[in-house]
Amino acid sequence: MTLQPLTPVNCAGLLQPGCSLLQLDGELLLFGQKGWPKRSCPTGLFGIRFKRGEMKLRAISFSNDSSYLPPLRCPAICRLDPYDGLPESYLIHGGRTPNNEISSSLYLLTMDSRGSNRKLTLCCKEKELVGEVPGGRYGHSLSMVQSRGKTACVLFGGRSYIPAGERTTESWNSVVDCPPQVFLFDLEFGCSSAHTLPELSEGLSFHVALAREDYVYFIGGHSFASDSRPPRLFRLHVQLLQGSPLLSCETLDTGISISSAIINRTGPTHRYIILGGYQADSKKRTECTTVSLDETGIHFEALESPNWTQDITHSRTWFGGSAGEGNIFLAVPTEGRSSQTEMHYFYLVSFQTEGDGIGEGRTLSCSQESTDYDDSTPLEDSEELYFGREPHELEDSSDGEEDTYNEEDEEDESQTGYWIKCSLGCQVDPNTWEPYYSTELHRPAMIFCSRGEEGHWVHAQCMELSETLLVSLSQGSKKYFCQDHGGLPHQEMTPTRQVMPLKRTPMKVKDKKTPPTIKTTPTKKSFFRRLFN
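Just so you know, my numbering puts 156 at position 156 of the sequence shown, and the rest follows in order with no gaps.
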């Protein structure tokens, strides 16, 4: 067992509590942080790599037909192994956006393609649910069960805002535990149903959820109503019978007091390591526990803890996640030390033997041997940072170091690119922006204002342009003038009417008299000249 420090390469600011780590096609992904709009990464999805004791990030792109996936923190995430020709994928439900809105949407994230340089492109689709649909929440769990040849998703716990009808000015942004209902829905038809069980009498959030076949175990968790972390352990049995499902719950006596824990899978069997989390608001849980699931139930066994450093021991908070089979990633805040430029210290805890560790110059990796659908490992939905399954070997991949994230290379996008303040009434905020037109995906639509010598770009949404007018102005060589320069915000600009010039012909006057002419000889001209002189 070792505790190795990690050095973030200009990316420490992106690793914050509440973000999540997934893995698709052998690549580890960081999700939930504000991204790089100019680099086609608006939702904060980054590829993360561990190499030679360093941590590096690079941008991940989406396919053109993807649904918009907002940056979500503390969502419920469950990994789906390949099954019946379906690709490896992730389910993402709920979570908080950067402006503290709580989502109720369900997304399916899959790999779309690999480029010639092995760059990963993802595809995100929003799944519609019908029936008794769970409301928006965060800090809940999402698990996959299999019974009688059928599969279903189990959702439980979480927190949300006080219902709109019960809010007051003082408690407008207060959160409460969601009702202790179990939601069951299938992915094929999108049917959702809610089930109330007498054993689940109090709401829970940030608990551990582990699934094996048709059983789901809920371990620990925090109750917001009582502000406690009781040593709870529930075993939920889901039978997918013909017609309606049958759910039953049993309370076990071998639970542990913990919330926001880190779960690490140690092999193809249902064996896990629990590390981190909290026993109380000001007390971290520094013990390690081995958990195993089999036909007889769930079993806990104490495991030797690493030799924690002084920074870890004295820190009030910490977060982290699974970083491969037998490896756990940890982060602790620097506690406001002015001498430290980074916000967190990062460590890698290895439970492997000396010969199985991460060698110098090698990428952190561990293959996922089990691909059975019922063996899918639901991730613990924590308020902290956590990982998906272990990454494959990436040592020989030609990812290209030019895409590595570097905070010093970032421009001030409030002044350049798509996130400028385009006009006096501009309201586009890169932290809260969502697509408005059907043609938008990664960035807001803009249109060029021709006023002035060089002109300037403005956001179409700020100009209150209809989608029909926006498409019309983008075709051909039509000129547009923004609202600050005489544009028409509420009506379509009709083309200038072409007036044919009139052909003016002189009028003919009837019986027009011409002035009389006098024919004179040179002698008469000389006489008249002498006469008038």
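Be a bit skeptical, because a hint or two may be false.
As the list claims (entries may be wrong) - Derived DSSO-like pairs (lysine-lysine); straight-line CA-CA distance at most 27 Å:
1. Lys119 x Lys51
2. Lys150 x Lys125
3. Lys421 x Lys479
4. Lys150 x Lys127
These are calculated hints, taken from the structure and not from any lab test.
Query raised in the report: For which of the previously enumerated hints does the structure constitute a violation, in increasing order of number?
Result: none
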